[in-house]
Structures are given as C-alpha cells and as structure tokens.
Amino acid sequence: MRNTLLALLAEGTAHGYELKQAIEQTFGDAWPPLNIGQIYTTLGRLERDGFVSSAHVAQAGRPDKRVYELTEAGREEVRDWLEEPVTGPRLKDEFFTKLVLARLPGVASLNGGTDARALIARQRRDYLQSMRDLNGLLLRQQRNGGDQTTAALLIEGAILHLEADLKWLDVCEQRLT
Amino acid sequence: MQHEFILDARGLTRTYASGDVQVQALRGVDLALEPGSFTAIMGPSGCGKSTLLHLLGGLDRPTGGEIHLTGRRVDGLSEAKWSVLRRREIGFVFQFFNLIGNLTAADNVELPALLVGTSHGEARRRCQGLLDELGIGDKAGTIPARLSGGQQQRVALARALVNRPTLLLADEPTGNLDSESARDVLALLQRLHEGGQTILLVTHDARVASNADRVITMRDGLIIDDTRLSESGDSSELLSRLIRLEV
Numbered sequence: 001m002r003n004t005l006l007a008l009l010a011e012g013t014a015h016g017y018e019l020k021q022a023i024e025q026t027f028g029d030a031w032p033p034l035n036i037g038q039i040y041t042t043l044g045r046l047e048r049d050g051f052v053s054s055a056h057v058a059q060a061g062r063p064d065k066r067v068y069e070l071t072e073a074g075r076e077e078v079r080d081w082l083e084e085p086v087t088g089p090r091l092k093d094e095f096f097t098k099l100v101l102a103r104l105p106g107v108a109s110l111n112g113g114t115d116a117r118a119l120i121a122r123q124r125r126d127y128l129q130s131m132r133d134l135n136g137l138l139l140r141q142q143r144n145g146g147d148q149t150t151a152a153l154l155i156e157g158a159i160l161h162l163e164a165d166l167k168w169l170d171v172c173e174q175r176l177t
Numbered sequence: 001m002q003h004e005f006i007l008d009a010r011g012l013t014r015t016y017a018s019g020d021v022q023v024q025a026l027r028g029v030d031l032a033l034e035p036g037s038f039t040a041i042m043g044p045s046g047c048g049k050s051t052l053l054h055l056l057g058g059l060d061r062p063t064g065g066e067i068h069l070t071g072r073r074v075d076g077l078s079e080a081k082w083s084v085l086r087r088r089e090i091g092f093v094f095q096f097f098n099l100i101g102n103l104t105a106a107d108n109v110e111l112p113a114l115l116v117g118t119s120h121g122e123a124r125r126r127c128q129g130l131l132d133e134l135g136i137g138d139k140a141g142t143i144p145a146r147l148s149g150g151q152q153q154r155v156a157l158a159r160a161l162v163n164r165p166t167l168l169l170a171d172e173p174t175g176n177l178d179s180e181s182a183r184d185v186l187a188l189l190q191r192l193h194e195g196g197q198t199i200l201l202v203t204h205d206a207r208v209a210s211n212a213d214r215v216i217t218m219r220d221g222l223i224i225d226d227t228r229l230s231e232s233g234d235s236s237e238l239l240s241r242l243i244r245l246e247v
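Taken in sequence, the protein lines are chains E and D. Residue numbering for the first sequence follows this note's numbering, starting at 1 and increasing by one per position. Residue numbering for the second sequence follows this note's numbering, starting at 1 and increasing by one per position.
These are calculated hints, taken from the structure and not from any lab test. There are no misleading hints in this set.
So the derived list for chain D, only partly shown, Cβ under 10 Å to chain E, looks like this: (1) 205; (2) 231; (3) 242.
Some chain E residues well away from chain D (every beta-carbon gap over 10 Å; in silico): (4) 16; (5) 44; (6) 65; (7) 83; (8) 94; (9) 98; (10) 106; (11) 108; (12) 172.
Ideal Cβ positions, reconstructed from N, Cα and C, are used throughout, including at glycine.
Generate the whole structure from the sequences, applying the supplied hints.
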C-alpha cells in the first residue's frame with residue numbers, strides 16, 4: 001500500500017479519494033477491497049516520515065480537502081523501490097503445513113489416518129479446478145477484447161504459479177508416499 | 001443403438017520385454033468414457049498414458065484385460081479388423097501431425113474417407129467443410145511443409161474427423177505448437193466437444209488437461225486419481241478469489 005501510494009503520487013498531487021480511485025482503475029478486481037481509512041492512515045505515516053507533504057484546499061460549499069504531494073525524499077523513495085528487485089521466493093502455502101502436520105500420529109488419528117497420498121490427490125483436484133477457472137477467465141478476457149493487459153498478465157502469472165504448485169505436489173508425492 | 005459407454009476398458013495391462021527385464025507399462029487400468037465426454041489423461045512421461053491411448057486405439061495390443069467399443073469387444077480383433085475399425089470409428093491426432101508430406105492438405109484429409117469407400121464428391125465436400133470449420137479453408141491445395149505447425153495440426157484434426165469417428169484420440173496434440181496455436185487447437189477441441197464429439201486427450205501438461213471435463217491422473221502404469229471439473233462461475237468472483245494481490 002505504502003509504495004503504491006507513493007508511486008501514484010509521482011503522477012501528480014492527489015487527495016485520498018482520488019488515490020483510491022487511481023488504485024481501482026490501475027489494478028481492477030485484482031486489488032482487495034479498499035478501505036479509505038487505510039489510505040488516510042498510510043498517507044499520515046508517509047507525511048510523518050517526510051515522504052509526502054499535504055496542504056488544505058478550500059472548496060466552495062464543501063469541507064476543505066487535504067491534497068498530498070511527493071517530497072524530494074518521497075521521489076527518492078519511489079526510485080529506490082523501483083530499482084530494488086523483490087526478493088523471493090515467496091512460498092506462502094498452507095497446504096505444506098497441512099501435509100507436514102498430517103504426518104504426526106496424533107493428527108493422523110483425528111481424520112482416520114488419511115495418508116499423504118489422499119491429501120495430495122484432493123489438493124491436486126482443487127488446483128486443476130482453479131486451472132480450469134483461470135483458463136476460462138483468460139479466454140473470456142480475450143473474447144471481450146479491449147485493454148485487459150493488466151488483468152491478463154495477472155491471470156497468466158496465477159496459472160504459472162499453479163503449474164509450479166502442481167509439479168511440487170508431484171515431488172511431495174514421490175518423496176512422501 | 002445408444003450405449004452407456006463409448007469405450008469401456010477393464011483391467012488393461014501391457015508388459016514389454018526389454019532385454020531380460022519385463023517392463024510393466026500398464027498394471028491394471030479401468031476406464032469408461034460416456035458419449036460426448038471430454039476426458040484428459042495426465043501424467044509424466046513413462047506413466048503409461050500413451051501406452052493406454054495406443055491400446056484403446058488399436059495401435060498396440062494389451063497383455064491382459066478387455067476393451068469394449070460401443071458395446072462390442074474389440075481387444076481380440078485381428079489386425080485387419082482393427083484397421084477397418086480405426087478408420088471408421090476412431091480419429092487420431094498426434095504430437096507430430098503425421099501428415100503425408102507430398103499430398104496437399106485436402107488430399108490428406110480425403111484419403112481416410114476414400115479408403116472406407118466414400119465417393120470422391122462426398123469426400124471432397126466433407127473435407128472442405130471441415131477445413132472451413134477449422135479456419136484453413138484457403139489451405140486445401142497447400143502441402144504440409146508450407147503450413148505452420150498450428151495449421152498442420154488443424155489439417156490432422158480434419159483428417160481425424162473426416163469419417164465422423166465415434167471417438168477422437170489426441171496424444172499431446174499441442175506438444176509441438178507455440179502457445180497461440182496451442183490455444184487455438186484447444187479451442188477447436190472444445191468446440192468439437194460442444195458439438196457432441198467424444199474426446200480422449202493425453203498430456204503431461206496440467207494446463208492442457210484442465211480444458212477437459214474430466215481429468216485422470218496416471219503414475220507408474222496405474223490410474224491414481226479421476227476427477228470431474230465443473231464449469232467456471234462468475235468472472236469477477238473468480239478474479240477476486242484466485243488472483244487477489246497480497247498488499
């Protein structure tokens with residue numbers, strides 16, 4: 001959130017609600033539902049840290065609005081963020097936890113001793129259904145035409161991640177069963 | 001007569017002798033395909049999926065087990081009877097197209113029709129209809145070497161369909177195609193399926209397999225899972241569930 005707001009402010013000054021709209025326009029449905037309060041909290045912290053400055057702008061017949069602007073330190077921060085590669089890998093996988101814990105005898109006895117093979121098979125089914133759903137999404141995107149580049153790239157990325165997840169299930173199966 | 005299953009295989013095994021060693025490529029596979037179903041068999045190379053497809057299409061004979069095609073037992077048929085059956089009932093698509101290089105696209109497609117005694121006029125009519133439907137109607141007079149991989153696979157698909165087979169078997173049909181041609185070929189298979197064609201596809205690629213309504217997973221000569229996939233729901237719900245960014 002923090003870096004996204006800083007980057008969007010590099011496009012020009014904006015008030016909180018405009019930033020919310022900018023995020024929605026740029027990322028579409030892929031961005032989780034936005035809470036305006038979260039945006040103001042983040043902007044407050046960025047101002048405290050000297051990355052943005054704000055000014056009150058009087059509006060006829062309406063309350064003043066607070067408009068934010070990047071400071072020089074803020075511009076530097078965006079530059080650094082863009083130039084820095086994102087460190088990886090990012091494996092956030094609840095299934096792994098499940099697979100490891102299911103092998104403990106006490107846990108295994110809870111579900112009638114389901115073996116790793118059954119856990120893996122169920123997970124594979126879920127991944128295959130997701131793969132079908134994502135393929136369908138991509139197809140619909142292409143049929144609808146228009147500029148869907150951002151969404152299409154995200155879907156492509158999700159499919160590639162799923163392919164890796166499926167391959168990894170195979171590895172788990174070979175090693176554990 | 002309407003049969004419960006287009007294809008019904010029971011207890012299929014296939015053992016090869018490799019030097020002094022017996023290799024069990026298939027170790028007891030049951031598979032039944034409903035009319036109009038689109039099924040994918042998925043697994044790594046060496047899992048037995050291609051062997052299974054070859055047995056089902058009569059390109060190879062099982063060591064044990066039974067194969068019933070539209071209710072008729074076929075695993076014990078002679079090579080001559082199998083070759084008639086293959087021409088009439090089973091369409092094949094392979095990874096490497098297997099077109100005849102010195103025949104035009106149209107001649108490749110018409111040949112199996114002529115071999116079962118279809119008249120020249122009817123063969124030509126069906127061929128042109130199929131080539132048009134597959135989007136290569138203007139390539140009828142072209143030889144395979146002058147066609148792209150995607151176009152060659154469409155010609156192969158037309159050839160596989162010209163005798164209106166009961167069952168279409170596809171062995172890694174997108175394995176030798178760039179991603180765009182692969183997508184086109186998969187979209188064509190989807191359309192054939194919507195038109196009622198029974199399809200069995202073999203692939204190592206989960207993304208390809210997920211186009212089918214049913215995915216069977218094989219390992220070491222056995223089926224280890226068999227699952228039906230459902231139609232996808234609403235786009236925005238899917239987007240938010242499947243690819244929400246972590247921010």
